[in-house]
Amino acid sequence: MNIKSLKIKELPILLILLLLSLIITIANPTFLTVENFLDILKSNLVLAMMALGMLMVLLTGGIDVSVASIIAAVTVITGQSLIHFSSNIFVTILVACLSGTLMGLVNGLLIAKLKIPPIVATLGTMSVILGLVLYLTNGAWITGIPDSFIEFGRITLFSFELVDGRTIGFPVQVLFLIPVIFLTWFILKKTVIGRGIYAIGGNLESAERMGFKADRILIFVYSFEGFLIGLAAVVHTSIMRQVDPNAFLGFEMQVIAAVVLGGASVLGGFGSVLGTVIGVSLFCVINNGLILMHIPVFWQKIVVGLIIIGSISIDMIQKQRVEKNKIRVDVE
Amino acid sequence: MGRTLVEIEKISKIFPGVKALQNVGFNINTGEIHALIGENGAGKSTLIKILSGVYQPEAGGKITMNGKVLEELTPLESLRNGIVVIYQDFSLFPNLSVMENIALGHSVEKNDTLVSWKAMEAIAADALDQLGLILDFHVPLGELSVAKQQLVAIARALANNAKLLILDEPTSSLSKGEVKKLFEIMLSLKKRGIALLFISHKLDELFAVSDRFTVLRDGQYIGTYSEDELDDDQLISLMVGRKIEYTIYPKNKKEEPLLEIQNFSKKGNFQDINFTLHKGEILGLTGLVGAGRTEVAQAIFGLNPVDEGTMLLDGAPLVINTPDEAVKAGIAYVPENRLQEGLVLRKSIEDNISLSVLDSISANNGLVDLTLKRSLTEKWMDQLGIRPNNPQMLASKLSGGNQQRVVISKWLATEPRVLIVDEPTNGIDIGAKSEIHQLLRELAASGLGILVISSELPEILAIADRVAVMRHGRIITQMFCEGLNQEDIMSKAL
Amino acid sequence: MKSGVKKLIVSKEGILFCIFLFVFFLMSLLSPGRFLSWYNLQSMAYQLPEFGILALSMMIVIVTGGINLSLTYTATLSMIVGGMVMANISAAGGNGILAVLAGIVIMIGMASLCGVFNGFVVAYIGVTPMLATLGAMTLFEGISLNITKGGAISGFPFEFLMIGSGTVLGIPIPMILFILIIVGTWLFLERSKMGMSIYMIGCNPKVALYSGVRVKRIIFQTYLIASVLAAIAGVLMASRYNSAKESYGSSYLLQAVAASVLGGTNISGGEGKIAGTVIAVMILQVISSGLNIFGLNRYLTNVVMGGILIVVLTINFLTEKRSK
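Those protein sequences? They're chains E, C and X, same order as listed. Numbering that gives the first Met the number 0 puts the first sequence at residues 0 to 331. Numbering that gives the first Met the number 0 puts the second sequence at residues 0 to 493. Numbering that gives the first Met the number 0 puts the third sequence at residues 0 to 323.
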């Protein structure tokens, strides 16, 4: 890869991330400890995985507000499957991914085949799925997840001992995130369908003229997103060791916000895996920083809202300035 | 001249109520630049769409390429056979790199699962090499100029092994230098044996590069001629079946200044623009596309505020920063692009005409007087003869000429002092053109000052009293139109 | 005259109204004793207005070509701020009516601020409405939470509760308000010059600008007006719950979009009738009340709502395809 293309685009947000980290570290040095880093990582694995799925959706020019209801549904299914069917980790992953993919597929079909605008289609499926989840569970927590699965969730990698004698390490769930990042990057960067995702987001008509099958790509994107949500549900369940059907209320906004922070455009065509990873990190660091600086947790939303609006506003103002000063005639 | 590449035989296309093409047949050779000409509505774009597989021709028609009959052509099939259209909008991807824009089609075509960036780079490099272009591969296409984007589109065609390259109005938004560069490239492609089908309205350009001309008129094939058989006038008379003879209106010298433009300048748009529009006068503003005509018009109308300069209306200084201020001051602007800037296509004639006068047809409480709205609409529809006579008709369903009348009505309803019309007869059939001309002349006679921007010199000569010629953002000359001919103007504009 | 009636029936709104009648009679037939009971009709009359007003607020924004995801949080933020003032005045022993008036004025003022914020970001800065209001939604929720610390504001004067539960001549006050707002938004959107500009902007903002319409200002004002409507819905909700909390009415966000779309509003702007939205609101309300009476779990009602949205859009798609 050529250095120049090494994402000048992602540089500003990376700088913001570094600057913010610096400020937080000055306010509270705890921020820059391995322990805190691992904490941040563990509590945001689900967000990161779902953000990558959302990235693909935004790239096509779509949006998906049903993601929170889908993961709620999949965690419930996963929980039930673990308790009543099999506690085997592979079976669990299979069940979760299959159910996630199926729900994503429904979104994909509604959007690609019935041409329902994504925001409306996913609002509809969100209502249906969430309604079913709450009806079937009555909002009650699912406990009694088998011990073997809980033990699995507690595994740490590269463990080491801290000065105070406690042992910490990378949570095993990282093993899910890393392949997901790689896989998403691989699909977007290295496969024809991935470039097709960018192409239909950039210019739908031309992409079809070039031979891309837009409806197949859309169906793939929403299904893949469902698949990632399935994996995220397994990760979530293994970390929380129980299932709360209400745990994800409003989570879709956080996912979208993180992806947008990472520079993806809701109009489609622009955005990258690297940007999204940085965006998610920024999101997490803000949350973590607010806690470390003892700022009430409610401020988190204010800060996130302001950052979303602020960053896009700056972008728009710059674009307008460029447009205004554009040379339209070479005056002699 | 090369051998026959494409044989087009007995191609017809019938749309409900219209025979868009009737028994059209001609050959295109390898290594030639073949001009396809005809007026708007002659069937050129229908033919392109059939060649590119967007439309299916009626039974009985046949397209043969290299001896192979192309049946049931789809856009993809057409592309695979090497027929590539460079559309006016280029059909490129602003968010992808130059390299991908050129080479991505390859992977799609081969039905690959994975993309090879190395292979793409090689393909793109090769295509750009063939065109003798040096561009940064990794720049997103959206950051390039229009001319460069077009060259990328051509490079993509080469990468797709284009055998027949169809260029649809390729010069419409290029500067003179860029056109020259494009022609060089077209000639070099021709040398490589590629067939080029070149569609343009600009006769000088057609003659500069074309080997043969195929003329269509009203969906009929008129003939194919080699370049030395024809001159401008003959070509025009073939296109229209008669020489373009607009009614030439008598030229008047008006003395009473209405709108005075003094030292208008805007960086990257125009420089030192000075002219005076008089009451009752039609002033033509011409020049090549890209000379800055529209930019000046939009500056007067408040869409493109100037860096410096003053404007006087009836001798009083006037500062305009937004269109609504212009409208209030009595300035109206009929934009060039009727479909995207002039009309709300999804709404009715009535809604469109009343849009600019909502204030004056509303009561103090902000509610629109629907009776007034209707009577105002009917008045203008009647005066301008808009057909069908149904105020509720959607704008999208009208013919080009009637659409233009609706846009003009919208402005006349504001009772303007100054009317600016940008390419008033663009895409309108010849009968409707003369009616628009007559209308503009009548409006001028009623005391309006009219600024007509047009690339069509016969139109300027027919209706304008005076003409201002722009070149590279400046007004080169202003002339009284009496006794002027096209060459007099063209020599200044070029 | 006869053809006029026929035209009315085959219009989109006519078909919707027939669907409404059908649903209404179906519910009445299935459960005559309870659906048509005075109690049920009255409870529908109390619930319908807040949802209806929010739907109309959403709809006028959609017609401009936008969307307002911060709709319900605008309502709750304003009810929280206004509610706090009202509760404080009341707690300090102030006059109840005065407290209510002050509270409502502040609620509407707060919502106006929200509207100004959204309108400025969308119209003048040019941020995509979906993102701008997504950000605003998070922001307003955050501010609300900061004020309430996650709890609810309560202790409103008795007079305030009258707004949500009182009647005039036997008609619930919320219903009267709703009818006034229907007439008001109809006059505004379908009869005023600003409304006509809104439709044109929703179809093609460029043409509107080129016709001398002050596009930015009108979009700005539309968000402002929509926010004031949200505040009125907020007043009704706060009065009905006798408290103010950031999460009240959050399920109305989806339903407001759904009602607009069901009512024939084009999600990409430029088309939509007040009557359509109002009838769609009534249909959804009858269905949810009816299902509630049949003892259907309230969560399943959501399922039915989402299902209706998808089914209607699918039918739209199929009929459009056939007519082509």
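Among the hints, a few may not be true.
[To be verified] FRET-style restraints, in silico, Cβ to Cβ: (1) C:Asp-271 / E:Ile-316: 24 to 34 angstroms; (2) E:Gly-309 / C:Ser-433: 50 to 60 angstroms; (3) E:Asn-324 / X:Gly-13: 49 to 59 angstroms; (4) E:Gln-241 / X:Leu-97: 30 to 40 angstroms.
[Unchecked claim] Pulled from the structure, derived: some chain X residues nowhere near chain C, Cβ distances all over 12 angstroms: (5) Ser-191; (6) Ile-200; (7) Asn-203; (8) Leu-208; (9) Val-214; (10) Asn-296; (11) Val-303; (12) Val-310; (13) Asn-315.
Calculated directly from the structure, the hints in this document are not laboratory data. By construction, the Cβ of each residue, glycine as well, lies at the ideal position given by its N, Cα and C atoms.
Hint by hint, here is what the structure shows:
1. C:Asp-271 / E:Ile-316: 24 to 34 angstroms: holds, 31 angstroms
2. E:Gly-309 / C:Ser-433: 50 to 60 angstroms: holds, 57 angstroms
3. E:Asn-324 / X:Gly-13: 49 to 59 angstroms: Holds - the Cβ-Cβ distance for Asn-324 (chain E) and Gly-13 (chain X), about 53 angstroms, lies within 49 to 59 angstroms.
4. E:Gln-241 / X:Leu-97: 30 to 40 angstroms: Once the Cβ atoms are compared, 50 angstroms apart, the range 30 to 40 angstroms for Leu-97 (chain X) and Gln-241 (chain E) is violated.
5. Ser-191: violated, 5 angstroms
6. Ile-200: violated, 9 angstroms
7. Asn-203: About 5 angstroms separates Asn-203 (chain X) from the closest Cβ of chain C, which leaves it inside 12 angstroms; violated.
8. Leu-208: Its Cβ does come within 12 angstroms of chain C, the nearest being 6 angstroms, so this is violated.
9. Val-214: Val-214 (chain X) is in fact no farther than 12 angstroms from some Cβ atom of chain C, at 9 angstroms.
10. Asn-296: holds, 42 angstroms
11. Val-303: At roughly 33 angstroms from the nearest Cβ of chain C, Val-303 (chain X) sits farther out than 12 angstroms, so the non-interface label holds.
12. Val-310: With a cut-off of 12 angstroms, Val-310 (chain X) remains clear of chain C, as the shortest Cβ separation is near 26 angstroms.
13. Asn-315: holds, 17 angstroms
Violated hints for the displayed structure, listed by number in ascending order: 4, 5, 6, 7, 8 and 9.
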